[in-house]
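Undergrad: Chain by chain, the residues:
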Amino acid sequence: MTSPSERDALQLKFRDPERGKALVEKLAHLTESLGRSPVAVMHVCGSHEQAIARFGLRHVFPKALDVIMGPGCPVCITDVPEVDEGVALAQQGVRVATYGDMLKVPGSAGSLADARAGGAKVDIVYSVSQAVELAQKTNEEIVFFATGFETTAVATAAEILRGPPPNFSVLSAHKYIPPVMEIVAEMPDTRVEGFLAAGHAATITGWGVFEAFVERHHLPVVVAGFEPLDVLAGLVRLVELIHDKTPKVDNMYPRCVSREGNVVAQQQLWQVFRPLGGRWRGIAHVPNGNLRLRDEWAHLDARRRFHIDLARLWTFAPPTLVQHCICGDIMAGLKSPTDCSLFGKECLPDTPVGACMVSSEGTCKIWHQYGGHPELTRAVEVNP
Amino acid sequence: MCLGVPGKVLEVDGLVASVDFWGVRKQVRLDVVDAPVAPGDYVLNHVGFAIRRIPAEEGLATLKLYHDLLRKQGEEDDLMAADVRAEIEAAGPGWWRDCDKPL
Ligand code: SF4
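If you read the sequences in order, they're chains E and W.
Letter by letter, the first sequence follows residues 1 to 384 in the numbering used here.
Letter by letter, the second sequence follows residues 1 to 103 in the numbering used here.
What the hints contain is simulated information worked out from the structure, not anything from laboratory work.
One or more of the hints may lead you astray.
Said to hold, decoys possible - Only some residues are given here: those of chain E computed to face chain W with a beta carbon under 7 Å:
no., residue
1, S127
2, S129
3, T203
4, N262
5, V264
6, Q268
Unchecked claim - The following label-pair restraints were derived from C-beta to C-beta distances:
no., chain 1, residue 1, chain 2, residue 2, range
7, E, T190, W, E58, 32 to 38 Å
8, W, H67, E, E32, 31 to 37 Å
9, E, E346, W, H67, 37 to 43 Å
10, E, D309, W, P39, 48 to 54 Å
11, E, Q136, W, E58, 32 to 38 Å
12, E, G277, W, E58, 36 to 42 Å
13, E, P287, W, P36, 36 to 42 Å
14, W, L15, E, K121, 26 to 32 Å
15, W, P39, E, R304, 40 to 46 Å
16, E, K335, W, D13, 48 to 54 Å
17, W, E58, E, W270, 26 to 32 Å
18, W, L15, E, R36, 51 to 57 Å
19, E, S108, W, G23, 41 to 47 Å
20, W, L15, E, H299, 20 to 26 Å
Using N, Cα and C, we set each Cβ at its ideal position, and we do this for glycine too.
In isolation and in its complexed conformation, chain E is listed as follows:
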């Protein structure tokens, strides 16, 4: 798709070692000039953590700068009762389709994978459209167990507006990111002094959505992309704003994010969903943090179409190891995976104890997969 010269230009613009070195030095200088340690900033996106771990960025971050992954993994914050609803439906004989990441997420009495092993019909789909296609091909009831933030919620909304077949319904566990930042900012023991907002979620909401947050909490927010240099540039700007004591929103990802965002997508999102308060696993009750179907779509709402029999799950003994899981503290920025006594021992990607070890966007899984202590692993590409 690109010619060699274009590729070279890209190389220069995005992987320019000089630029990487300059950014790393600037970040170090700025952090030092704050005169305190550690300074904690939070990003709220699994893909940012993947980029940081995969490209070894923690290796080049200043020691005094703590870059924490917050509640940015949609699978990890899907609450236990929500997983239970999916499991109960599957065990009642309803065919449940969901994203692959959801399969092993533990509920109070097992996961969808356990239900499937017990004979329930659980299908993995890459997109809501594949779940709709599945419904078109069969007479069976298909419930799409819908998870993810605004980026996947708009896809669910679009399929609902297109008019899916009558045997299709949605069990929505969709979540909306902006309100949870308020929760983290208001936690009494929070250390977070600024947020790196996820580029692609902000593509939908626009960066203007964070202005009220900045107004209320006097914490800067910087929208950043996913290239190693994008992440570095975003952090430089964030620390700069902390240093200058000028809390504001800054957009370092203008090629994908505008102030008003994707208005067409927002219209469809709010036409189908309404915000509702609810628990995020391990975090807290998040006002307006859940997306539920509006009343006019009641006929497509699995919660209203079916009697979901949660009582049948209570005959199972609850798992005990999970009581040691500190996923919630990790997502709140208070602990890291290595503080968990189960990390890499009882809790592994194949036998996850907590939700953060399940998803490719979960902090524990990312750390485990990229070497346990990402800050010690290879620093490629941007290593000055």
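Starting from the known structure of chain E, arrange chain W with the ligand on it as the hints suggest.
TA: Below, chain W with the ligand alone, put in the same frame as chain E:
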């Protein structure tokens, strides 16, 4: 689920675009994209839906990361690469043309 994947629009037919992702041709829905999309544009695909049109000049700047991630096939422990492949998989029906072809 945070990471969208950019691809180049080859054809547009109503609300569906044929999009080239590194030699994989897939159908991406245009229901929620906020600007008219034409062949030659790039779109950011998220679970089978374009969530943003990226003008051609800027599209190029967005591709490098993904190119690097996709270049090394079969590294199962590379979560980010696996997520990118899953996003491409999420785009509607399509076919593999030549995965090793450069951008
Ligand atoms: S390592 Fe496992 S048990 Fe420990 S916090 Fe992470 S997900 Fe929970």
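Undergrad: Next step is simple, just say for each hint if it's right about the structure.
TA: Now for the hints, and whether the structure bears them out:
1. S127: Holds - the Cβ of S127 (chain E) comes within 7 Å of chain W, reaching about 4 Å at its closest.
2. S129: holds (5 Å)
3. T203: Holds. Min distance 5 Å.
4. N262: holds (4 Å)
5. V264: holds (4 Å)
6. Q268: Hint on Q268 (chain E): holds, closest Cβ of chain W at ~6 Å, below 7 Å.
7. E:T190 - W:E58: 32 to 38 Å: Because 36 Å falls inside the window, the suggested range holds.
8. W:H67 - E:E32: 31 to 37 Å: holds (35 Å)
9. E:E346 - W:H67: 37 to 43 Å: Holds - the Cβ-Cβ distance for E346 (chain E) and H67 (chain W), about 38 Å, lies within 37 to 43 Å.
10. E:D309 - W:P39: 48 to 54 Å: For D309 (chain E) and P39 (chain W) the Cβ distance comes to about 51 Å; the hint holds.
11. E:Q136 - W:E58: 32 to 38 Å: holds (37 Å)
12. E:G277 - W:E58: 36 to 42 Å: For G277 (chain E) and E58 (chain W) the Cβ distance comes to about 38 Å; the hint holds.
13. E:P287 - W:P36: 36 to 42 Å: holds (37 Å)
14. W:L15 - E:K121: 26 to 32 Å: With Cβ atoms ~30 Å apart, the hint holds.
15. W:P39 - E:R304: 40 to 46 Å: holds (43 Å)
16. E:K335 - W:D13: 48 to 54 Å: holds (51 Å)
17. W:E58 - E:W270: 26 to 32 Å: With Cβ atoms ~28 Å apart, the hint holds.
18. W:L15 - E:R36: 51 to 57 Å: Given a distance of about 53 Å, which is inside 51 to 57 Å, the answer is holds.
19. E:S108 - W:G23: 41 to 47 Å: Because 45 Å falls inside the window, the suggested range holds.
20. W:L15 - E:H299: 20 to 26 Å: Holds, at about 23 Å.
The structure meets every hint from the earlier list without exception.
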